[in-house]
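Peer 1: Okay, here's what each chain looks like letter by letter:
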Amino acid sequence: MPHIHPETELHNPQSTKPPLDPHLKALENEAIHIFREVAAEFERPVMLYSIGKDSSVLLHLARKAFYPGRVPFPLLHVDTGWKFREMIAFRDETVEKYDLDLVVHTNPRGAVENITPFTHGSALYTDIMKTEALRQALDAGQYDAAFGGARRDEEASRAKERIYSFRTPDHRWDPRNQRPELWNIYNGMIRRGESVRAFPLSNWTEVDIWRYIQAEEIPIVPLYFAEKRPIVERDGMMILAEDPRLELLPGEAKREEVIRFRTLGCFPLTGAIRSNATTLDDIISELETATVSERQGRAIDRDQAGSMEKKKREGYF
Amino acid sequence: MTAPALANAALDENAVALPSQEPARIARDSRPLRLITCGSVDDGKSTLIGRLLWDTKAVKEDQAASLQRDSNGKQNDLGLPDFALLLDGLQAEREQGITIDVAYRYFSTDKRSFIVADTPGHEQYTRNMATGASTADLAVLLVDARIGLLEQTRRHATIATLMGIRQFVLAVNKIDLTNYDRARFEQISHEFKELALSLGVRQVTAIPVSALKGENVVYDGRASMPWYDGPTLIEVLELATTRSAQTVGFRLPVQRVSRPGESFRGYQGTVAGGSVKPGDSVVILPSGMVANVTKIVTFDLVRNAAVAGDAITLVLDRQVDVSRGDMIATIDSQPMTGLAFDAQLVALQPEGIQPGKRYWLKSGSRRQRVQVQPVTQLDLKSGKWNHADELPMNAIGKVHLTFDEQAIFDSYEQNRTTGAFILIDPDTNNTVAGGMITGRRATIGGIHAEEHRVILSLPADLADQLMATEIFAGRREDVDIRRVNAAKAIEVIDAIDE
Ligand SMILES: Nc1nc2c(ncn2[C@@H]2O[C@H](COP(=O)(O)OP(=O)(O)OP(=O)(O)O)[C@@H](O)[C@H]2O)c(=O)[nH]1
Ligand SMILES: [Mg+2]
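Sequence order for the protein chains is A and B.
Going by the numbering used here, the residue at position 106 of the first sequence is 106; the numbering climbs one at a time, nothing skipped.
Going by the numbering used here, the residue at position 441 of the second sequence is 441; the numbering climbs one at a time, nothing skipped.
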């Protein structure tokens, strides 16, 4: 299990960490370059913080990019209210430990109209509680640049996205008309109201993320490691059964299994995998022989063909 | 796909086998090779990369299942899945069966890892091909064996070369549709090698390929092409070299100044050439001030050296005026500074490049106003540079750049970072060109070498006032300006013995 390092230990010049291999070093350099460029060119940047492994890496890189200064922008967490309990605990601990500014936003429609992943279906729920909520939060903060941890290897429409992904004032992405992006020269010129989503991890793969977490000893939410946990099986997914709001349907039963998560999102929509991987080494070797992709456990990607592109056009990350 | 279709289709059972259960372990001891596919519409670029991903087991079971599902009804005569769907991820691309924007994909063999950019062949989307080419080490140029070289093939080969790609693989694709015609393959290879030579590229490997059937991609095609005994595509890619770090001196384009407290001031940026260590003397451009490096700070430790590619924070030994857009460089081999440069560029948007219009130019972290005067345009058919007053979309041209303030460049030949730039249209904010510096324009010297000139050393405020006058603005190109401190000015003027 990862333990959380006191900050001083990470800064120790006598660190025993071996130097990064050239591949990870090149990825790290590229990400730091992007962070600095956005911070210098935009007036009000913000970093989307989803608490997952990619966000943990993103945050680590941001801290590196601006060291010895503070991270010069706030973190934004769009909280649907249905995240795993351990994610929220981890978020609050992280913010405290690294002296970060955190903005949390929940779409008020959720409470008013009682929108849940169970009652509204994953598509509508995601649309309101994630996409719409994100737009609300970005508008409220008048952010002109938002960092995200998306990777091109995640999904076919992501593979098409630029590192600076231009958005119209209503947050739309036009995949047919992206600005050319040559070399590492980024065009950050926008009009008032327009914005850019910036993706420092664009060229990272899932394995790169894990190998970097290992090499840099980056803390992550414990749900990524296998443990015996209560689950219920629904729609072919194993859902974590710890939240009292999860009501069992007729024929369903709670049971314990040794499981872990490959990605983290809203617990009712995120499937666990059977795994005995309790260490980073285990996770990496599991990945290197994995026969399915990481997004397979995500209900929201499966709703309809091209669903990710559709969500992205509408302002989803 | 049904089982009988599979059986009929498979000349080579590898061709349609599901991805194996043991993907190769990933080589991590070197930087990945960056490559692009290019060539004309429908030559099979996306199919080739899809096949490459498939045969190197980069396609997972769930992705393979959706590929089979999505291929339904669009099957080719061979009953094979439409491998291009692994790349063409946008709805518009799937509907039209073409690639619109570049897709970046990652895969590896047990020898090395690769970043591949699959670029569109359609002329309308040349800008997206240029996007992919700008960072590539190698280009796989596809030609349809039935059709041969097209204007678009020449355009892509030319853009790739301009952008510094010196390794080409010519994939003569759809060779299955020519009955594996050896003479045809050899004729196209010959034609292409001539084109490559005229572009100054010597390193060309020609391979007869069937992207669809997977012949000479990862697995050899000996069964159908016994006459070909050269390497497969993957073999060539495994042996290709990554772009070498150019050897001009140390360059650090300053991205931002870090001042977390009174006691610390550091200059943050990514080393764009050469290397640096504490104790080195450096010059800050364009001001010309000189300082010594005291520390290289990174999050993990204080380092004793940094090399090209490293993202660092540099601390200097004295209070000097450094801001974003400045360049910190080695004193012995400085980049060129000046108000006039020559460049080659590719026009990327429908408006083209208009003469006399003032654009924004961004290079590294430096953004400044520039006036662009087209001089010539490349005629792709004849390979000749013809006179041009403006450059339409997709044109490759040579231009004069004129700046209001000092610009700082290396030639692209010497440094692919400090010699590259983009042009931004101030009306639309869109990126309208990608450019490569060829040199500083000799505004002085040449035929004017014998003319009389006067060197003045003025207080900076007086010089600024003079430079703001109209008479000065009218002849800016004729003037050489270097900002230095008073001590340096005395030294320079004393050194003139006349
Ligand atoms: N018979 C045969 N057909 C091929 C081969 N390679 C590609 N094709 C077919 O050619 C058509 C075009 O292939 P794509 O891969 O989409 O071509 P492309 O070069 O990516 O096209 P753009 O990206 O739009 O420029 C598809 O129908 C492929 O199935 C081949 O080796 N043999
Ligand atoms: Mg294509």
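No wet-lab data here; the hints were simulated from the structure.
Quick reminder that beta carbons are idealized off the backbone N, C-alpha and C, glycines included.
It is possible that part of the hints are untrue.
Heads up, incomplete: computed chain B residues facing chain A, CB under 10 Å, no partners named [as the list claims (entries may be wrong)]: (1) D88; (2) G97; (3) D101; (4) R259; (5) G338; (6) A340; (7) Q344; (8) G352; (9) F403; (10) S411; (11) Q414; (12) N430; (13) A442; (14) I481; (15) V484.
With beta-carbon atoms standing in for the labels, derived distance ranges [said to hold, decoys possible]: (16) A:Y98 with B:G200: 22 to 32 Å; (17) B:P260 with A:V112: 18 to 28 Å; (18) B:A65 with A:E227: 23 to 33 Å; (19) B:R202 with A:R176: 33 to 43 Å.
SDA-like, lysine to any residue: derived pairs with alpha carbons at most 25 Å apart [claimed, not checked]: (20) B:K57 with A:V103; (21) A:K228 with A:S285; (22) A:K254 with A:I128; (23) B:K111 with B:E61; (24) B:K193 with B:Q203; (25) B:K57 with A:K228; (26) B:K295 with A:R44; (27) A:K25 with B:Q203.
Peer 1: Now tell me if each hint is right for this structure.
Peer 2: Each hint tested on the structure:
no.	hint	verdict
1	D88	8 Å, holds
2	G97	15 Å, violated
3	D101	5 Å, holds
4	R259	8 Å, holds
5	G338	20 Å, violated
6	A340	21 Å, violated
7	Q344	13 Å, violated
8	G352	14 Å, violated
9	F403	17 Å, violated
10	S411	15 Å, violated
11	Q414	15 Å, violated
12	N430	6 Å, holds
13	A442	26 Å, violated
14	I481	26 Å, violated
15	V484	27 Å, violated
16	A:Y98 with B:G200: 22 to 32 Å	51 Å, violated
17	B:P260 with A:V112: 18 to 28 Å	43 Å, violated
18	B:A65 with A:E227: 23 to 33 Å	30 Å, holds
19	B:R202 with A:R176: 33 to 43 Å	38 Å, holds
20	B:K57 with A:V103	42 Å, violated
21	A:K228 with A:S285	20 Å, holds
22	A:K254 with A:I128	29 Å, violated
23	B:K111 with B:E61	23 Å, holds
24	B:K193 with B:Q203	9 Å, holds
25	B:K57 with A:K228	32 Å, violated
26	B:K295 with A:R44	30 Å, violated
27	A:K25 with B:Q203	29 Å, violated
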